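*Asks:* Here are the chains, one letter per residue:
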Amino acid sequence: MTLPGQTQPRLTDGAFQSHYIPNTPADQADMLSILGLTCLDDLFLDIPEGYRNPPLNLPGPLSELEIQQELAALASRNRPLGSGPSFLGAGSYHHFIPSIVKALVTRGEFLTAYTPYQPEASQGTLQVIFEFQTMVCNLFGMEVANAGMYDGATSLAEAALMACRVTKRDKVALADTLSPTYRQVIQTYCQGQDIQTVTVSATSPDVDETTACLVVQYPNHFGYIEDLAAHAAAAHDRQALFVVSADPTAMGMFQAPGSYGADIVTGEGQPLGIPPSFGGPYVGLFATKQQYVRQMPSRLAGRTVDRLGNPGYVLTLQTREQHIRRERATSNICTNEALYALAATVYLAALGKQGLRQVAELCYHKAHYAASRIAQLPGYSLPIDGTFFQEFVVQCPIAPAEVNRRLLERNILGGLAVSEAVPNAMVLCVTEMCSRQDIDALVDALGEIG
Amino acid sequence: MPAGPARDTSRLLMDRSEAGRVGAVLPACDVPAQPLPDASLLRDGLDLPEVSEPEVVQYFTALSQLNFSIDTNFYPLGSCTMKYNPKVNDEMAFLPGMANIHPLQSAQLSQGALDLLYRLQGFLGESTGLDGVSLATLAGAHGELAGMLMIRAYHLARGDTGRRKVAIPDSAHGTNPASAAMAGFQVVDIPSDKDGSIDLEALRSVAGPDLAGAMITLPSTLGLFNPNIVEVCQAVHEAGGLVYGDGANMNALLGRAKLGDLGFDVAHLNLHKTFSTPHGGGGPGAGPVCAGPALRDYLPSPVVAQADGEFTYTLSEPPSSIGRMSGFHGNFGVLVRAYTYIRTLGAEGIKAISGNAVLNANYLMEALKDTYYLPYDRRCMHEAVFSADWQKARGVSGLEIAKRLLDYGFHAPTMYFPLIVHEALMIEPTESETRQTLDSFIQALKQIDAEITDDPEMVRLAPHSTPAARLDEALAARQPDLRWKPKP
Chain A
1 MTLPGQTQPR
11 LTDGAFQSHY
21 IPNTPADQAD
31 MLSILGLTCL
41 DDLFLDIPEG
51 YRNPPLNLPG
61 PLSELEIQQE
71 LAALASRNRP
81 LGSGPSFLGA
91 GSYHHFIPSI
101 VKALVTRGEF
111 LTAYTPYQPE
121 ASQGTLQVIF
131 EFQTMVCNLF
141 GMEVANAGMY
151 DGATSLAEAA
161 LMACRVTKRD
171 KVALADTLSP
181 TYRQVIQTYC
191 QGQDIQTVTV
201 SATSPDVDET
211 TACLVVQYPN
221 HFGYIEDLAA
231 HAAAAHDRQA
241 LFVVSADPTA
251 MGMFQAPGSY
261 GADIVTGEGQ
271 PLGIPPSFGG
281 PYVGLFATKQ
291 QYVRQMPSRL
301 AGRTVDRLGN
311 PGYVLTLQTR
321 EQHIRRERAT
331 SNICTNEALY
341 ALAATVYLAA
351 LGKQGLRQVA
361 ELCYHKAHYA
371 ASRIAQLPGY
381 SLPIDGTFFQ
391 EFVVQCPIAP
401 AEVNRRLLER
411 NILGGLAVSE
421 AVPNAMVLCV
431 TEMCSRQDID
441 ALVDALGEIG
Chain B
451 MPAGPARDTS
461 RLLMDRSEAG
471 RVGAVLPACD
481 VPAQPLPDAS
491 LLRDGLDLPE
501 VSEPEVVQYF
511 TALSQLNFSI
521 DTNFYPLGSC
531 TMKYNPKVND
541 EMAFLPGMAN
551 IHPLQSAQLS
561 QGALDLLYRL
571 QGFLGESTGL
581 DGVSLATLAG
591 AHGELAGMLM
601 IRAYHLARGD
611 TGRRKVAIPD
621 SAHGTNPASA
631 AMAGFQVVDI
641 PSDKDGSIDL
651 EALRSVAGPD
661 LAGAMITLPS
671 TLGLFNPNIV
681 EVCQAVHEAG
691 GLVYGDGANM
701 NALLGRAKLG
711 DLGFDVAHLN
721 LHKTFSTPHG
731 GGGPGAGPVC
741 AGPALRDYLP
751 SPVVAQADGE
761 FTYTLSEPPS
771 SIGRMSGFHG
781 NFGVLVRAYT
791 YIRTLGAEGI
801 KAISGNAVLN
811 ANYLMEALKD
821 TYYLPYDRRC
831 MHEAVFSADW
841 QKARGVSGLE
851 IAKRLLDYGF
861 HAPTMYFPLI
871 VHEALMIEPT
881 ESETRQTLDS
891 FIQALKQIDA
901 EITDDPEMVR
911 LAPHSTPAAR
921 LDEALAARQP
931 DLRWKPKP
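Note that the protein sequences, when read in sequence, are chains A and B. 229 is the number that our numbering gives to position 229 of the first sequence; each next residue is one higher, with no gaps. 796 is the number that our numbering gives to position 346 of the second sequence; each next residue is one higher, with no gaps.
It is possible that some hints are incorrect.
Unchecked claim - Straight-line C-alpha distance at most 20 Å; calculated EDC-like pairs for lysine to aspartate or glutamate: (1) B:Lys708 - A:Asp46; (2) B:Lys842 - B:Asp904; (3) B:Lys708 - A:Asp42; (4) A:Lys102 - B:Glu505.
If you are wondering where the hints come from, they were derived from the structure by calculation, not from laboratory data. Predicted, not measured: the structure shown is a model, and the values here were computed from it.
Could you put together the complete structure from these sequences and hints?
*Replies:* Next comes the structure, spelled out in structure tokens:
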């Protein structure tokens, strides 16, 4: 690969001086002489000869001006959401983000801190985690939540593993309406421990005495609300756990999974103030019942007191974790997504009790407005009869890939094709970011295409 | 400057909540209201706070000021590589053409992103000598799990079902045993020899037909380069096993040695350590997996491939992939930062990182070894591991010394790790600190040693000047208080 880099002779002679490395050649010479050495290479003599100083074929350095130009050029070859109406969701959602979220998460004191291993020097991060845990519990109607996981998919995979630990069973039942991506991640996580994954019907899930948990999505992969009370009963009748992956935005409107008796609730935290960013970084949400807290993966912040009797926060119940319990830990997770747990906490603080409900209702009404108009178009139909939140399935007169191609000609980003589930179908997503004008443009375009 | 009384952080958001306050205003609904679903599906209440925007900004700003961070403090936390996080990297990740792209939009609409990822795969492959790269793993431990699942899949694909053991030296990174266990392996501990290197004879004694592989941290958590590393890899290979490399400490080796040349089959990198992306108080990270010829085909999905046709880059699944490890294609925002960093530094700058990181660590080691016991008195790499045994004998522990450093405005070193060093204090200065900072840190550690003689009680009760005094961790574990609850 050839990329531009500075290959011209420099104006002044001497070693490359990076603006990220303060030591000058004079500093280096002085420090080396204290060590009785003459050059930096002398520091690396433990590396066997023949393996030392291999060729490093990377492009030459760029100035900040040049790097900004290069990245701007790369960015210009992507189509950002917001450059036209967008109706793509399926696990990553385009929502409004108040300006204060970025302003607060980019504060160096949050951004450039490490995991709060020294609590006396990390009270800010720890108190944020405590606030985050409170909010996740309240969103999902659960008793305890952790400090976050990598993303929604891995959160759910860890929930499946946890259910196997709790029940001492080694089979997990996945509803056939679960996101295929989530299913694949669960399968990857389960392969090491020889845990079997089976797909069950979401309308009549087959849960037996060897099943550790029933896993469902809320709303499901197609956007619809399933009968969680019936699912909970199906799981609990066989002493299996009921595991739900829930969209946090929908929690502004719909019943919390905890109210149906869910044992573990996970979710993708991205809708809570985190940009889509081509798939990451996001944050996984993870909550459960108090009785299972010691089987939970990942960090937990707890409130305590300091030597002087003042309240303060620490990481706690760490005997669950890899650095203490080693190979008997509940998970190997260490670094998680603390900065994006902060983003979600700021977002939920700003939106608050009323704001999250308003966002959910905007999505609901706009999605239903779009669906009712599309249903009237000749050749289009809504093949699934059920309550949905912000996503719904549309059956098209032609292949969804072709529909999307022709929508894009009109600068509209279409939905996710799900033809494997329903012929010629796609899932459309409508959030508060879509104006009535955007929706009407979509409906008009679909009418012309069909 | 800490926040004043009006910016007190003692009340949590729910304590501040006042009915009717809002922190964000949303647009009115511009479509006709639609019929609502059955009321039984809808929730009544939602316990989120009601606070105004200024209160949110003031509260979180005041909280931020309770933290130590790289931007505000020297942070020599061993094995964590707390180097300066360049601001331009953040700015590039926030470009609308990077931050606002949907992971499922077609490759045709994401060519810039895919091109960047493809180039980054190339840079990381070149840096490690392991040229198959997947960027889909989201943190170091996540990369470890992927790597161990790849080793498992490799043996199973060859019908070799009896390889259940993984050898892990006692100087390995802390997550390794948990990652091996999660991938279904039994962990066998390998001791270090008297020089702190992997005990080759002990390794050979377990290298049999049941050995799946070894997980090796290079340089080790003792901050040392194993001079026998080539023999270690050979011993594992001769037994039919594969070698996993924990790349947490790659800051020492950039441009100095390649893991693939030394005999490693697969490794992860911590972009949030070596490649300067900010830790964010505990993530996000990114833990790309780099694999050589034996394991390349087993990499997690997706990887970015160059394709013919109407566009150039596309996402693809390696032929024998272990599967997906995460929801989408990796922590893209972190990957953009790492790409920007590598492009900014170039080959010369990359090599200057390891040179200056190792120089700074050795400078600290040399200056402190008369005051603090150095269990392995030999050339260190990016970090120096001391023991506070001499101070412990005088009545003050390593933990108390670490806490006292906070009073000097320095973050503590990593304490009590690695486990094989009593009272361990693991110090990693990185390349991005000035000699003046190193000198003042050295001075502080010598001063604390003197304080142990003059006023040991004061050191034992440290810290004295941080936002919280020593916290009662035992109480927190005994009576877990894990969320805000309304007052009864």
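*Asks:* Now tell me if each hint is right for this structure.
*Replies:* Status of each hint after checking the structure:
| no. | hint | verdict |
| --- | --- | --- |
| 1 | B:Lys708 - A:Asp46 | holds (14 Å) |
| 2 | B:Lys842 - B:Asp904 | holds (15 Å) |
| 3 | B:Lys708 - A:Asp42 | holds (18 Å) |
| 4 | A:Lys102 - B:Glu505 | holds (16 Å) |
This entry satisfies every hint, going by the numbered hints stated previously.
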